[in-house]
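Novice: Chains as they are written, first to last, in my numbering: chain A, 1 to 187; chain B, 1001 to 1676.
None of these hints come from the bench; they were simulated from the model. A quick note: this is a predicted structure, and the numbers were derived from the prediction, not measured. Do not take every clue at face value.
[Stated by the list, open to error] In silico DSS-like links for lysine-lysine, alpha-carbon gap of 25 angstroms or less:
id, chain 1, residue 1, chain 2, residue 2
1, A, K136, B, K1438
2, B, K1616, A, K146
3, B, K1271, B, K1503
4, B, K1555, B, K1591
5, B, K1271, B, K1298
6, B, K1583, A, K136
7, B, K1415, A, K136
8, B, K1503, B, K1591
9, A, K49, B, K1639
10, B, K1427, B, K1438
11, B, K1590, B, K1555
12, B, K1415, B, K1332
13, B, K1291, B, K1271
14, B, K1503, B, K1517
15, B, K1590, B, K1503
16, B, K1555, B, K1503
17, B, K1639, A, K126
18, A, K146, B, K1427
19, A, K139, B, K1590
20, A, K146, B, K1583
21, B, K1427, B, K1415
22, B, K1415, B, K1438
23, A, K146, A, K136
24, A, K139, B, K1583
25, A, K126, A, K136
26, B, K1517, A, K139
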Amino acid sequence: MSDDPGNVTKGRAVIAWVVAPVVAIAFFPTILLLVIGMAPSIVAYIIDKRPRKVTARSIGYLNFAGALPYALQLWTGQNTISGVMALVLEPAALMIMYGAAAVGWTLNFIMAPIMSAYLAVQHESKSRSIGSRQEKLVKEWGSEVKGQAAVPAAPQKPVEQGMAEENKTFKGEPGTAEDPAEEEEAT
Amino acid sequence: MALNLADGNDNPSLAGGSVTLNDRFTIDLDGALPTYDVAPSVAYSATMMSDRSRPLMALVCDPQQPLRADKVMTLRAIETRTLLKPHDWGVIDWLIENRRCPAVIVDRPAGGRVMPSLDTRSQPMHEDVVSRMLIRPAAELLELLDNNNLTHRAIRPDNLFYVDSEQSRIALGDCISAPPAVAQPVVFETIESGMALPGGRGDGSSLNDLYSLGVTILTLLIGHVPLAGMSDDEVIIEKLTHGSYNGLVGRERLSLTMMEVLRGLLNDDPKERWTVSDLMYWSDGRRQNPKPAAIPRKANRPFVFDGNECQTTRDLANAFASNWDAAVGPIKDGSLNVWLRRGFSDEELIESVNDAMTDPMSIERSDDWLVSRVCIALDPQAPIRYRDLRATVEGLGLLIGGYIDDEDMRDLFAKTLREQIPAFWQKNQRRLTEAQEKLLGDYDRARSYVDRIGLGLGLERVAYDLNPNLPCKAPIFENDYVVEVSDYLPALENIAISTGDLKGLVDRNGAAFLASKMARQVTPDLRDLDNQVDPHVSLIASVKILATIQDRVAKREFVDLCAAISSLLEPSIERFHSRTVRKRVREGLKKATRGGRLSRLVGVVSDPRDLVADTKAFQQAIAAYARSVMEDQRLEYEKTHRDYFARERGAQMSSTVSGFITCVATVLIFVAMMFF
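Working from the sequences, and respecting the hints, build out all of it.
Specialist: Rendered as structure tokens:
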């Protein structure tokens, strides 16, 4: 049956292996330009261990924005390998494409301390809110309201980034780094 | 605790002042009248508020014994001058013993006792005087009592009073202030009633009164109590051996006229004993020739039991009852059967005794069961006997009322009902009165309660069912006298006022008392009262029962009681989890307390909707707290690993920003390409 997920994947793989070479052959100059121009993104993609490759994406998006004008120039001008070579041998073109990628890297680096400061404020606010809610509940219902929640929680084990791949940690642990964010969005 | 007669009379100055009874009578605590004491009651001067000139006295009764309160109204309505009529009764504050006691207001005779004491000899009365002043008026009175289904049961010489100071008329003394015949010496009772314990003699019939009257007449005629100096057992044996008339009259010199009336009144066969109308005929001058007492059938040779020779089955039954444990031997070894067959050729008697020894249910029965039934078969007229329990059928219920705190007697009574001894007694009777039939039915019904352990059941319930006059024996009322449901709340209110708090509201005795009086209304709450798991349920059930009494019987406010119960209910407020609801309930209790209605207290503290809503909200609060704890834990975790989360989210954010910038840049590039 064609609805079988296995068959669908297989079908897509066939299309990819058939269509991709055809496209690569048909748009070879453009592909070549992008491979050369987006080399930093390819490197970032390779070294980014996160499942969703967010670092590679931030570099790749801007890198693509830097390469796009030259790809358009290629299409509107000499769409050949020599045309590509003429573009890539122009220092300014490579500098713009790689500079855009560098902006992506920079963005990625400066966003972490900004986010750290933001989280510090957010955590304080949340902590106060939770304390206030608990205090209200205890005031209204007495310490009995703590029920089994009064039993100390199991000690938390430190989780490093590498464990994320194991995907065996509880909800909210760094291993499922996207979950807290998703929940936060939900909230 | 019986009344302390000595203290009550010798030291009346301990208290002084007066108390009122039912707002109609004043009892002078300084006015002790020992001349008119009727054991176990003590007499005090009393006045009617509306007619102070009327000579009255109050008989302050023993609070541990039920007085015959249900007879007061009927007796008051009887038109007679031969009885110290009761006018009213009630419960008074008996300051001398610092408790509350029942008291009966009766006419106070102007003369003294006819015979000051049964222990002393006095001048014999002339038979004309006895006939004119006692026999004729007493016959008229007993006729009136009989017509009203009443008995006196306290006819004896020291309970006869001269009504006037000239000593021209005699009246019978009080018959209300104690259980029937409880103070009667054995000699003044019929053989059967004398065999029974004083508390188990029962109301009996007019024939019992006539017998007592006969002995009283004889005592007045000879100036002393017959068979004085003998023990109760000896009196019974003397009467059994010679018959009551011969045993009591003995060699006393009496006129033929008096012999005639005494022979009629002291006949041991109830069927042959003179009735009230026979006595009336006699007092009208129509002489009769009473049948001599039937001579009990004697065996050819006596049955030797415990060293005594018994000639008749009654003697032997009495001997068995007196030496219970030894009676098992001759019954089981067949010697009794042999003696009956050889001594009496009475197949009916033999069959009856064999029936007594055989259990149709083929259950292994105790020796006590065997002896009790054999005693009944040998002497069907005798009271029911079961080891130390001895009571007439009329008195069996009264007995358990009097001995409800006696573990041994409780056990014997329970066995008597459980083993259906009254039913076997019934089987051996040739004729039963309507009253006896009704009582036997009551005992059969009571059997179903005896072994039930729930509150409002058990022996206590049986005792209250069989004794409408029995005061509530709950320990909380040990200083009070609660005989009607309507007295229950006022008694609790008195305790609340005097002590400020209550230890309990409805205990086992109280539950049985209330269940007996108003079963239909309180039974559902009795089940909750029995709740051993949750003390709040039990406490609230007891308040509900009291609220039912207030709504249905008392119909007035009890502010102090409400305040005391409100304190008791304080822990029950803790059933609500919400502090806001608790505060609201506390305020509701205070408000309901001021109103004095128990039902409002119950409504405030035990509203099922509030309880359900509180429980539901509490569960939700627990869940919310648990969620907050989890949030807190996650927050702490995020704090601990903030750098990691900052990196991750920073990367996501930079990815998003990059994407956004790329989109904008792409659009701008296309626009630039198109226009430039």
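Novice: Looking back at the hints listed earlier, which ones does the structure fail to meet?
Specialist: Checked against the structure, the hints that fail are numbers 1, 3, 7, 18 and 26, while the rest are satisfied.
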